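Colleague: The primary structure of each chain is shown beneath.
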Amino acid sequence: MQLTPSSLALRIFVVIALLWLIIPVVIIVPMSFSSARFLAFPPPGWSLRWYESYLGDPAWMAATRTSLIIAVSSSLIATVIGTAAAYALNMSQSRWVRNLQVVLLLPLVVPIVITAVGIFLIYAQVSLIATMTGLILANVMLGMPYVITSVLVGLRKFDPTQEMVARSLGMNRWRAFFTVVLPQIRPSVITGTLFAFISALDETVVAIFISGGDNQTLTKRMFTALRDEIDPTIAAISTMLTAISFLMVILMALNSRKSR
Amino acid sequence: MSNASTPEERRERRMILLLLAPALIVVGLLLITPLVWMGWQSFRGPEGFTLAHYARFFTDTVYLSSFVQTFRIAFLVTIAAILIGYPIAYVAAKSQGIWPPIILGLVLLPFWTSVLVRAYAWLILLQRRGIVNTALTKAGVIDQPLILVNNEFGTVMATLHILLPFMVLPLYATMKKIPAELEMAGASLGGGGGLVFRSVFLPLSMPGVIAGSVLVFVLTLGFYITPELLGGGRTFLVSMLVSRNIEIYNEWGAASSISVVLLVMVFAIFRLASMIIPFERIMGTK
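Residue numbers (full-length UniProt numbering), protein chains in the order written: chain A, 1 to 260; chain B, 1 to 286.
Hints are computed from structural coordinates only; laboratory data are not their basis.
Since we're looking at a predicted model, the values are computed, not measured.
Watch out, some of these pointers could steer you wrong.
[Claimed, not checked] As a list, the in silico BS3-like pairs of lysine-lysine whose alpha-carbon atoms are at most 27 Å apart:
(1) B:94 to B:176
(2) B:176 to A:157
(3) B:177 to B:94
(4) B:94 to A:157
(5) A:157 to B:177
[What the hints assert, rightly or not] Partial chain B-side listing against chain A, Cβ under 10 Å, derived:
(6) 46
(7) 50
(8) 110
(9) 116
(10) 124
(11) 127
(12) 164
(13) 221
(14) 229
(15) 240
(16) 260
(17) 262
Beta carbons are placed, not taken as given, at the ideal position from N, Cα and C, and that holds for glycine.
Start from the sequences and build out the full structure, keeping to the hints where you can.
Modeller: Below, the structure is given as structure tokens:
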């Protein structure tokens, strides 16, 4: 683009828009190191007291553990189930099977409150409310579409003749998948896993309805705390959650570079 | 299913179903079953079949105003997302070197940050004695703190912030596919920058605008966290209507009928949009 007045104006606009996008994400970091109880900017002094109040509180620690267990296990299960489904969707020629893709992506389409109420309803019948199993299962469902979309994109870029060659040389589908297909679509599988992980870690609405008791997630506790008062401890937790997100973006960037 | 299929084809079909089964079971049990159940509940009263839950849409003004407010906010957020997202995607698609990954990275970082964290950040920024008000007061721009939060403004601001990446990403993907030669051709035929943009680039980028708008609009319709935390009771969206009916009144019939109506609207929007561009393209799998 040449630098005409209008393109300069465009760039200034974009810079402002990007600042607006990024400032709310980074503003939490200085707030979390503030020494003050009230939220002043810039903070009157620096301290680690909000991190101490987070790390020293058994309730926050229990919630963190719950959230991490849910995020790790549900993203791994979603990866296996979702990759299998994406592979089948890509393999099939039948229109009927391809339409199933719409069904499998439904969790992204249905408003999350409705999903949450529905899961609450079903779990109440089979007493899965406030259980680890129930929370993991719900997050498997919510994370699966990310794995399916990401793996489908990877499979479309993959040259299917390679798999045909492997099979004509006597490999069965199972072996051909693990030795020929999987190594090449690994970056998209990993992207899907990372997406599913972060979606489970950040999931709030379903957790508000179905988590509780000993199995309260971090986000549910944060939500409840925010409704009552703005405690700077939340800023410390938020900073850590954001750091995890940042790490994920870096992992993804490295991951997609490797695939090139 | 024709009878002419070979054993090989039949085995293939069985395997496809086997591979799809776990995913289908999860979605079937945790999503489709409850939706069907809610559909049934929405027509049931103490004496069997009833339309009472749907009649409330015409008698209870809270229902109507909640839907109207939800659609108004969804509309506002979508328009604002186009106006802000289009230039960002355009600059990212047109620049070279390190700029596209930097711009996209700046869009993606908030995308990856928890919705809850961002709602909290907006609370810190916009509240009565928040960062924005303090800065403006110190600079002498205002005497009284502005009321930026606990109203529709705060909700729209935070929702827009959270959903903007859903506009930028499909737009960027669409713009990247527009061949530069087409614009050069337009220019070589004597079109000025503005004319070429309006008659070549803008129409070709419309699929991206539609995909992004559908995602942003539909996601806003179901948003729960931001109106709950930033609306201060002044925004009462459909999602909150559903959750209040469960949490406070334990009214399953009412919550179900509201969910059914909202869901039908969401599906209708997707259906309409998929007449223009394929569903797979909206969801980014193609």
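Colleague: Run every hint past the structure and note whether it holds.
Modeller: Hints versus structure:
1. B:94 to B:176: Given pair residue 94 of chain B, residue 176 of chain B holds - Cα atoms ~8 Å apart, limit 27 Å.
2. B:176 to A:157: holds (17 Å)
3. B:177 to B:94: holds (11 Å)
4. B:94 to A:157: Given that 27 Å is the threshold and the Cα spacing comes to 24 Å, the pair holds.
5. A:157 to B:177: Holds, at roughly 16 Å.
6. 46: violated (19 Å)
7. 50: Status violated, d = 19 Å.
8. 110: holds (5 Å)
9. 116: holds (5 Å)
10. 124: holds (5 Å)
11. 127: holds (8 Å)
12. 164: For residue 164 of chain B, the interface hint holds, since the closest Cβ of chain A sits about 7 Å away, which is under 10 Å.
13. 221: The hint holds - residue 221 of chain B has a Cβ within 10 Å of chain A, the shortest such distance being about 6 Å.
14. 229: holds (6 Å)
15. 240: Holds, because the Cβ-Cβ distance from residue 240 of chain B to chain A comes to roughly 8 Å (cut-off 10 Å).
16. 260: holds (9 Å)
17. 262: Holds, about 6 Å.
Comparing the model with each numbered hint stated earlier shows that hints 6 and 7 do not hold.
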